[in-house]
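Asks: Chain by chain, the residues run as shown.
There are 2 protein chains.
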Amino acid sequence: MRVILGIQYNGKDFCGWQIQPNGRTVQQTLEDALKKLTGENISVQGSGRTDSGVHALCQVAHFDTKSTIPPQKFACALNGLLPSDVQVLFSMQAKDDFHSRFSAKKKTYVYTFYQSEVNLPLTDDYAQRIVGKVDVDKMQAGAKYIEGTHDFKCFLASNSSVKDTVRTVYYCKVKKKNNLITIEVRGNGFLYNMVRPIAGTLLYVGEGRFAPEKVKDIIEGKSRLDAGKTMPAKGLMLKKVYYKGVKFPKIY
Amino acid sequence: MRVILGIQYNGKDFCGWQIQPNGRTVQQTLEDALKKLTGENISVQGSGRTDSGVHALCQVAHFDTKSTIPPQKFACALNGLLPSDVQVLFSMQAKDDFHSRFSAKKKTYVYTFYQSEVNLPLTDDYAQRIVGKVDVDKMQAGAKYIEGTHDFKCFLASNSSVKDTVRTVYYCKVKKKNNLITIEVRGNGFLYNMVRPIAGTLLYVGEGRFAPEKVKDIIEGKSRLDAGKTMPAKGLMLKKVYYKGVKFPKIY
Numbered sequence: 538m539r540v541i542l543g544i545q546y547n548g549k550d551f552c553g554w555q556i557q558p559n560g561r562t563v564q565q566t567l568e569d570a571l572k573k574l575t576g577e578n579i580s581v582q583g584s585g586r587t588d589s590g591v592h593a594l595c596q597v598a599h600f601d602t603k604s605t606i607p608p609q610k611f612a613c614a615l616n617g618l619l620p621s622d623v624q625v626l627f628s629m630q631a632k633d634d635f636h637s638r639f640s641a642k643k644k645t646y647v648y649t650f651y652q653s654e655v656n657l658p659l660t661d662d663y664a665q666r667i668v669g670k671v672d673v674d675k676m677q678a679g680a681k682y683i684e685g686t687h688d689f690k691c692f693l694a695s696n697s698s699v700k701d702t703v704r705t706v707y708y709c710k711v712k713k714k715n716n717l718i719t720i721e722v723r724g725n726g727f728l729y730n731m732v733r734p735i736a737g738t739l740l741y742v743g744e745g746r747f748a749p750e751k752v753k754d755i756i757e758g759k760s761r762l763d764a765g766k767t768m769p770a771k772g773l774m775l776k777k778v779y780y781k782g783v784k785f786p787k788i789y
Numbered sequence: 538m539r540v541i542l543g544i545q546y547n548g549k550d551f552c553g554w555q556i557q558p559n560g561r562t563v564q565q566t567l568e569d570a571l572k573k574l575t576g577e578n579i580s581v582q583g584s585g586r587t588d589s590g591v592h593a594l595c596q597v598a599h600f601d602t603k604s605t606i607p608p609q610k611f612a613c614a615l616n617g618l619l620p621s622d623v624q625v626l627f628s629m630q631a632k633d634d635f636h637s638r639f640s641a642k643k644k645t646y647v648y649t650f651y652q653s654e655v656n657l658p659l660t661d662d663y664a665q666r667i668v669g670k671v672d673v674d675k676m677q678a679g680a681k682y683i684e685g686t687h688d689f690k691c692f693l694a695s696n697s698s699v700k701d702t703v704r705t706v707y708y709c710k711v712k713k714k715n716n717l718i719t720i721e722v723r724g725n726g727f728l729y730n731m732v733r734p735i736a737g738t739l740l741y742v743g744e745g746r747f748a749p750e751k752v753k754d755i756i757e758g759k760s761r762l763d764a765g766k767t768m769p770a771k772g773l774m775l776k777k778v779y780y781k782g783v784k785f786p787k788i789y
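Chains A and B, in that order, give the protein sequences.
Under our numbering, residues 538 to 789 are what the first sequence spells out, in order.
Under our numbering, residues 538 to 789 are what the second sequence spells out, in order.
Mixed in with the good hints there might be a few duds.
All copies of an identical chain are treated as equivalent in the list; a pair is satisfied when it fits inside any one copy or across any two copies.
Calculated lysine-lysine pairs in the DSSO-like style (CA-CA distance at most 30 Å, straight line) [unchecked claim]: (1) Lys771 <-> Lys787; (2) Lys572 <-> Lys700; (3) Lys675 <-> Lys787; (4) Lys642 <-> Lys781; (5) Lys670 <-> Lys784; (6) Lys751 <-> Lys549; (7) Lys714 <-> Lys610; (8) Lys632 <-> Lys712; (9) Lys787 <-> Lys710; (10) Lys781 <-> Lys681; (11) Lys777 <-> Lys712.
Keep in mind the hints are simulated off the structure, nothing from the lab.
Go ahead and model the full structure; you've got the sequences and the hints to work with.
Replies: Structure below.
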């Protein structure tokens, strides 16, 4: 039986999603809990890696098991075994050909900045501080150039070996509410570490260091050196993963 | 010179505000930083204690110093010496007769609940989970009985020795936004631990266990046993402290 999990985590104390020899990871934490629950050595496949410090409102993963636990009961059973910074929002049976990564059609990420003269302890775990004024309208104007199907090589991490760097971004919205500025991006897929340099580039636009139109030039130039810097992981959150024909329960 | 501090803290890893022999406290952490900064043994007086786990959006404190550091520079200087879960939002000179506790005229607290079937790692540090539906209109109707000048003995912690239990609550508002329900209370003062049983009592009203009118009876009955239970500290935040003739810089 193949089971889908919807998983929320606070990335602060995790070295990212993917299992690694040293360091606490979300994937390993889930596999350990599944081992305790079922006695099986279960491999959990996520929709994609998230970096060290990145949060997930709802990461999606799947695994195969011979357990007789009803699929929708895994959420509750696992939560009792999981630490408080990672919890399973829902579990459900999947078709055998469902794959959390290869079946994913779209993903939405949110990058959050906050404006403050000082670090704010009640905000700083989930957002990146910026000092001074930024022009959100200009950021939104720059964000428009990110929408559409483009070769996003300009946002590709230097250590990435990926060949096909063309992706489609359905929207890139910049919003301001009180002292928070959010950048929400939905795409059919993202290059490794793509949203953090997008956030950095749009921040430069907001600060007036780049004109909004420069975002177009940066994308066309295909050089990582032209784009803004990669913003810290703590401001980034994987919000949602979309699959065709799979409806997840509404959670909050 | 007397200096006022506006302080934000994430209460999660603090054993509250007040210095105690064992356990990390906000007051001690501030005094340690002031000692490093000035070389003086400085006593920091807060507007009031907050319990272990309670957060502060802006706690107010004062201290006396012989330092020649300009008063408004203490914020920045202290922040470099403070851990990330407590930061000074602003510092300013006070009149010599200013006292963070005795000069305080009003305080605002917020208690936050979130509705979810499971613990949400991205919310759970700052809010108390509730399961199932609650009627926010009924909670607001119950909250109306808390407003005004009353003997609030019904919300007094059993271990408190305070004699005068009459306080004035200027407002008690219940709001719902997405999955968050907040109770915001402003008063001329609060009994030790008063907001957490108010939150518990209004939760019972929302759940239908108490009729809204029962809140009036509970207050008039003056017995702690009649009120709802004391809700966990993590959902409580000291939002603001008000003083006559003292204007603080706007901070988030």
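Asks: Now, for every hint given, state plainly whether the structure supports it.
Replies: Results of checking the hints against the structure:
1. Lys771 <-> Lys787: both (25 Å within a copy, 25 Å between copies)
2. Lys572 <-> Lys700: neither (36 Å within a copy, 56 Å between copies)
3. Lys675 <-> Lys787: between (34 Å within a copy, 25 Å between copies)
4. Lys642 <-> Lys781: Intra 7 Å, inter 58 Å, cutoff 30 Å: intra-copy only.
5. Lys670 <-> Lys784: Between. Shortest inter-copy distance 23 Å satisfies the 30 Å Cα cut-off; intra-copy 41 Å does not.
6. Lys751 <-> Lys549: Classified as neither; 33 Å inside a copy, 43 Å across copies.
7. Lys714 <-> Lys610: Classified as between: cross-chain Cα gap 29 Å, same-chain 38 Å, threshold 30 Å.
8. Lys632 <-> Lys712: neither (38 Å within a copy, 41 Å between copies)
9. Lys787 <-> Lys710: both (23 Å within a copy, 28 Å between copies)
10. Lys781 <-> Lys681: within (26 Å within a copy, 48 Å between copies)
11. Lys777 <-> Lys712: Intra 18 Å, inter 27 Å, cutoff 30 Å: intra and inter.
Checked against the numbered hints given earlier, the structure breaks hints 2, 6 and 8 and satisfies all the rest.
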